[in-house]
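Protein chains in written order, with the UniProt record's numbering: chain U, 1 to 327; chain B, 1 to 331.
No lab work stands behind these hints: they were computed from the structure. Possibly wrong hints are sitting among the right ones.
[Unchecked claim] Per label pair, the in silico range of CB-to-CB distance:
#  : chain 1 : residue 1 : chain 2 : residue 2 : range
1  : U       : D57       : B       : G183      : 29 to 35 Å
2  : U       : R35       : B       : G183      : 44 to 50 Å
3  : U       : G45       : B       : T231      : 40 to 46 Å
4  : B       : R256      : U       : Q130      : 38 to 44 Å
5  : B       : S323      : U       : S303      : 56 to 62 Å
6  : U       : E190      : B       : D140      : 32 to 38 Å
7  : U       : D245      : B       : T193      : 56 to 62 Å
8  : B       : K229      : U       : T5        : 48 to 54 Å
9  : B       : L254      : U       : A129      : 54 to 60 Å
10 : U       : D192      : B       : A34       : 28 to 34 Å
11 : U       : D245      : B       : T314      : 41 to 47 Å
12 : B       : A315      : U       : M278      : 24 to 30 Å
[To be verified] Think about it this way: if two alpha-carbon atoms lie no more than 30 Å apart in a straight line, the pair counts; the simulated DSS-like pairs of lysine-lysine are:
#  : chain 1 : residue 1 : chain 2 : residue 2
13 : U       : K44       : B       : K135
14 : U       : K44       : B       : K17
15 : U       : K314      : U       : K223
16 : U       : K44       : B       : K136
Values in this document were obtained by computation on a predicted structure and should not be read as measured data. Every residue, glycine too, gets a C-beta built ideally from N, C-alpha and C.
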Amino acid sequence: MNAQTLTYREALRAGIEQALEDDERVFLMGEDVGRYGGCYAVSKGLFDYYGEQRIIDTPLCESGFVGVGIGAALGGLRPIVEVMTVNFSLLAMDQIVNSAATLRHMSGGQFNIPVVIRMACGAGRQLAAQHSHSWENFYAHIPGLKVLSPATHTDARHMLGQALEDPDPVIIFEHVMLLNENGEVSESPEADMESALVRRQGDDVTLITYGGCLHKALTAANKLAELNISAEVVDLRCLRPLDTDTFLGSVEKTHRAIIIDEGWKTCGLAGEISAIIMEQGFWFLDAPVKRLCTAEVPIPYPSHLEQAALPQVKQIVEMAQAIMEGR
Amino acid sequence: MNQKLHIDRTHLINQLKQMLRIRRFEEKCTQLYAEEKIRGFLHLYIGEEAIAVGVMSVLKPEDQIVATYREHGHALARGLSMGSILAEMFGRTNGCSRGRGGSMHLFDKQMNFYGGNAIVAGGLPLAAGLAMANKKQHRDAVTVCFFGEGAVAEGEFHEAMNLAVLWKLPVLFVCENNGYAMGTALSLSESETNIAKKASGYGMASSQVDGMNVVDVESATSTALDLIKTTSQPYFLECKTYRFRGHSSFDGQLYREKEEIRQWEEKGPVIRLQNWLKENNHFNEEDLDELESEIKAEIEAAIEFAEGGAWEDTADLCKDVYSPTQQGEPG
Numbered sequence: 001m002n003a004q005t006l007t008y009r010e011a012l013r014a015g016i017e018q019a020l021e022d023d024e025r026v027f028l029m030g031e032d033v034g035r036y037g038g039c040y041a042v043s044k045g046l047f048d049y050y051g052e053q054r055i056i057d058t059p060l061c062e063s064g065f066v067g068v069g070i071g072a073a074l075g076g077l078r079p080i081v082e083v084m085t086v087n088f089s090l091l092a093m094d095q096i097v098n099s100a101a102t103l104r105h106m107s108g109g110q111f112n113i114p115v116v117i118r119m120a121c122g123a124g125r126q127l128a129a130q131h132s133h134s135w136e137n138f139y140a141h142i143p144g145l146k147v148l149s150p151a152t153h154t155d156a157r158h159m160l161g162q163a164l165e166d167p168d169p170v171i172i173f174e175h176v177m178l179l180n181e182n183g184e185v186s187e188s189p190e191a192d193m194e195s196a197l198v199r200r201q202g203d204d205v206t207l208i209t210y211g212g213c214l215h216k217a218l219t220a221a222n223k224l225a226e227l228n229i230s231a232e233v234v235d236l237r238c239l240r241p242l243d244t245d246t247f248l249g250s251v252e253k254t255h256r257a258i259i260i261d262e263g264w265k266t267c268g269l270a271g272e273i274s275a276i277i278m279e280q281g282f283w284f285l286d287a288p289v290k291r292l293c294t295a296e297v298p299i300p301y302p303s304h305l306e307q308a309a310l311p312q313v314k315q316i317v318e319m320a321q322a323i324m325e326g327r
Numbered sequence: 001m002n003q004k005l006h007i008d009r010t011h012l013i014n015q016l017k018q019m020l021r022i023r024r025f026e027e028k029c030t031q032l033y034a035e036e037k038i039r040g041f042l043h044l045y046i047g048e049e050a051i052a053v054g055v056m057s058v059l060k061p062e063d064q065i066v067a068t069y070r071e072h073g074h075a076l077a078r079g080l081s082m083g084s085i086l087a088e089m090f091g092r093t094n095g096c097s098r099g100r101g102g103s104m105h106l107f108d109k110q111m112n113f114y115g116g117n118a119i120v121a122g123g124l125p126l127a128a129g130l131a132m133a134n135k136k137q138h139r140d141a142v143t144v145c146f147f148g149e150g151a152v153a154e155g156e157f158h159e160a161m162n163l164a165v166l167w168k169l170p171v172l173f174v175c176e177n178n179g180y181a182m183g184t185a186l187s188l189s190e191s192e193t194n195i196a197k198k199a200s201g202y203g204m205a206s207s208q209v210d211g212m213n214v215v216d217v218e219s220a221t222s223t224a225l226d227l228i229k230t231t232s233q234p235y236f237l238e239c240k241t242y243r244f245r246g247h248s249s250f251d252g253q254l255y256r257e258k259e260e261i262r263q264w265e266e267k268g269p270v271i272r273l274q275n276w277l278k279e280n281n282h283f284n285e286e287d288l289d290e291l292e293s294e295i296k297a298e299i300e301a302a303i304e305f306a307e308g309g310a311w312e313d314t315a316d317l318c319k320d321v322y323s324p325t326q327q328g329e330p331g
């Protein structure tokens, strides 16, 4: 398979371009996605090529334009709606949760909403407490939605196309710390969008993660190898529905699990995954499941505090060493 | 009056019948609610029938309707069968939403009836989106969005107004101004109580109409649709009306005087058209009896249809959360 090297941002853009080329019902809509080129420059250049009918700049009204996207999907189009950050998406939560997620069910299956909503998430750029959060769990809580977290460049490139093929609403989270990173992009998707993938094979402990923490888990796994601990890394990729078979299969092999989640611990995804392991994989375990999450604080501005709040490679390594004690 | 309207005796009697269908149906619903056959909330449209009947009579099959939780009248006037509406309120699988929605969430794809939205103002952005899809796909259809004056206080109202004009979307916004958002009077919730004026703040053409007069509503709708088509711009129609019953099944109506209700009832849409037809010798008691008995039979058939509907098997509880293609949710 031919691979090319792109930044994560370029991979996202290539995915959008492909979608626009493949299906004339597809259009991109959001705040400053056109003339400005996108808040994070993901859509830079697309307006000049595709024009204002397909790259639509919206006013600052998240509920309004996300609702329009949902209505347009209901009317037969395939909108890609960009919300600048997950924090702003709270202003559109009514439309996403009360309309997009419910219409199919409330109508007894008569209507479906093939909308894709993309948003930036994650901390690390010193953007403080209103631009930096990981709230994938808010949306992963909602029946009727599907939630994707592309952590690799190939997923950044191909998950959008997969999401647009889905007849139901899909939310895609793009971690801001990945945008400038270079990586290899495969020509085709690595798996269907709802499957988790084992990104690194190992025997001793399973590191379960997604999004911006994947590279931290892989880095930690390499360090652990030097310490004679063989870590397997599972990239969840899709946070709803969760591919439980993949992470349970891994835990069955390694007998130990650490969940690394940039969301807060309380009522978060890590707790959900931990509970699934307890319910369905309890007898696989040789040690209690551990969770490494963001500290329970709104993300602070100074770099040293922001970094102190986030899961770090060193902590993963220490947690893995601790869980291996008494092996 | 709009030149295209042909308002003759037959048409007016049909309009009266449509309004009476809604009136008698909902009166029966209150009884069925007391019998606990209908549960949840029950928001009655009694008093406001002229709006749904007047607007719907001008629409074409391809036009789309987005309504609120007070939408029995809209559904009936649009042409959803009374049986499928009542079955929905009974929660049966032969309901228009397979029983999943209930009174507040009536849907019908064949009729281009997009609900039944119980989030106040939540339907407005959705309607703008449907209109955008029509425009982009060159469909000659108008999206008609009904909402109450309470929605005007919501941010989504203002966002949708702005987007509809900004993007020249073919939407007819129909504000059913019944004077009370649940129990809060308009003057207690709006700094500017002239609702139509708010539309003009967005550069949207608007008009106010007597929502208790079905002919006026029909005529205003026809004019509005013509304008939407010739100008490629949305239109705002404020219909002044009054709800004769409480907000929902749980409403002590402590916020208004009985005398106020009585005064509005005197100028109600049904009584008014009925009296006009009688005074002009177009209609007599026998004609009325005939209408009433036809409606009574329709209601009886609807009850039989609804009661005969199957309950969804609880094994199918999680059906229709996701589309059946792809993997969907496990379990």
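Hints and how they fare:
1. A hinted range of 29 to 35 Å for the beta carbons of D57 of chain U and G183 of chain B is inconsistent with their spacing of about 41 Å.
2. Restraint check, R35 of chain U to G183 of chain B: a C-beta distance of roughly 47 Å satisfies the suggested window 44 to 50 Å.
3. Between G45 of chain U and T231 of chain B the beta carbon distance is about 34 Å. The supplied range of 40 to 46 Å is therefore violated.
4. In this structure, R256 of chain B and Q130 of chain U meet the distance hint of 38 to 44 Å, their C-beta atoms being roughly 43 Å apart.
5. Distance hint check: the CB atoms of S323 of chain B and S303 of chain U are about 44 Å apart, inconsistent with the given range 56 to 62 Å.
6. In this structure the supplied range 32 to 38 Å is violated for E190 of chain U paired with D140 of chain B, their Cβ-Cβ distance being about 44 Å.
7. Evaluation of the 56 to 62 Å hint for D245 of chain U and T193 of chain B yields a pass: the beta carbon distance comes to about 59 Å.
8. For K229 of chain B and T5 of chain U, the Cβ-Cβ distance of about 52 Å falls inside the hinted range of 48 to 54 Å, so the restraint holds.
9. Taking the beta carbon of each, L254 of chain B and A129 of chain U are about 43 Å apart, not inside 54 to 60 Å as hinted.
10. Between D192 of chain U and A34 of chain B the beta carbon distance is about 52 Å. The supplied range of 28 to 34 Å is therefore violated.
11. Judged by the Cβ atoms, the range 41 to 47 Å given for D245 of chain U and T314 of chain B is violated: they are separated by roughly 26 Å.
12. For the hinted restraint 24 to 30 Å between A315 of chain B and M278 of chain U, the CB-CB distance of approximately 27 Å keeps it satisfied.
13. A hinted pair counts as satisfied when its Cα atoms are at most 30 Å apart, and K44 of chain U with K135 of chain B qualifies at roughly 26 Å.
14. For the suggested pair K44 of chain U and K17 of chain B, the alpha carbons sit about 58 Å apart, so the restraint of at most 30 Å is broken.
15. For the proposed pair K314 of chain U and K223 of chain U, the alpha carbon gap of about 9 Å is at most 30 Å, so the pair holds.
16. Distance restraint check for K44 of chain U and K136 of chain B: the Cα-Cα separation of roughly 23 Å lies within the 30 Å cut-off, and the hinted pair is therefore satisfied.
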